[in-house]
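Here's the letter readout for the chains.
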Amino acid sequence: MMIDAEPTMSDGDRARRRTYHREFFPGILLYVVAVFATGALVGDDPSIPRRLLLLIPLLPALWSARAIVRSLGRADEFERLVQLESMAIGFGFAMVGAITIGSLGMHAEPNRFNQMSPWIIYSVGMVAWGITVAIRTRRNG
Amino acid sequence: MKNRIKQMRTELGLSQAALADQLDVSRQTINALETGRYDPSLPLAFRLAALFSVRIEDVFDPEFDVADTATTS
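Sequence order for the protein chains is A and B. First residue of the first sequence? That's 1 in our numbering, and the numbers climb one at a time after it. First residue of the second sequence? That's 1 in our numbering, and the numbers climb one at a time after it.
Next up, chain A with everything else stripped away, as it sits in the complex (with noise of 0.2 Å):
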């Protein structure tokens, strides 16, 4: 039996992992961090500059966007193709949620199934583009 003794990362890439995750999860960190203090900080506090604090958290939620972004930019042309081709599914996937989700929303339930819907639609998206970067990278060893 012959045993493949490729390096599964190149320093190149091994660098580039480096760089995106120094970029990406301090931004989710943030955003963790700023979910539950703005949440604690504005409570049941009806009043519109209150509500307004609980946008915060995007901030470094665009900041982890913004990585991936970057990410992109250092990627290979073939690395780019696989990433954008998952997004594309992963997109494809949200917008069948979407459409899934608002026609129950209609008539059965409205209100839980509009409450519930930004996340489920984001989840969707988020882990048909996960999958299928697992599957293209696995396929190509």
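It cannot be assumed that every hint is accurate.
[Unchecked claim] Reference listing, derived: stretches of chain B covered by chain A, where coverage requires no fewer than 3 residues with Cβ under 8 Å from a Cβ of chain A:
{"no.": "1", "stretch": "13 to 23"}
{"no.": "2", "stretch": "26 to 32"}
{"no.": "3", "stretch": "38 to 45"}
[To be verified] Anything over 12 Å on all C-beta distances counts as not near chain B; from chain A, calculated:
{"no.": "4", "residue": "Leu-54"}
{"no.": "5", "residue": "Val-69"}
{"no.": "6", "residue": "Gly-90"}
{"no.": "7", "residue": "Ile-121"}
Don't read these hints as lab results, they were simulated from the structure. The beta-carbon is built from N, C-alpha and C at its ideal position, and this holds for glycine as well.
Given chain A, work out where chain B should sit, using these hints.
Same frame as chain A, now just chain B:
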């Protein structure tokens, strides 16, 4: 498109990772090229040929006959 990247790489004694670093691409990209799952852009194809010090047509072997395509079009 068929290619001789794996053969030329091993002749130079390079691993996939080493070749990837020299071309500034990922190791997965090299693997996808070698297994024929991905055809590179022209700039990458020229960089590969330059690295192996050969002409681009010595690395890549089109599976169709270009002359036949030209006469039938």
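Verification of the supplied hints:
no.	hint	result
1	13 to 23	holds (count 6)
2	26 to 32	holds (count 6)
3	38 to 45	holds (count 4)
4	Leu-54	39 Å, holds
5	Val-69	18 Å, holds
6	Gly-90	20 Å, holds
7	Ile-121	30 Å, holds
Figure legend: structure checked against the earlier numbered hints; every hint is met.
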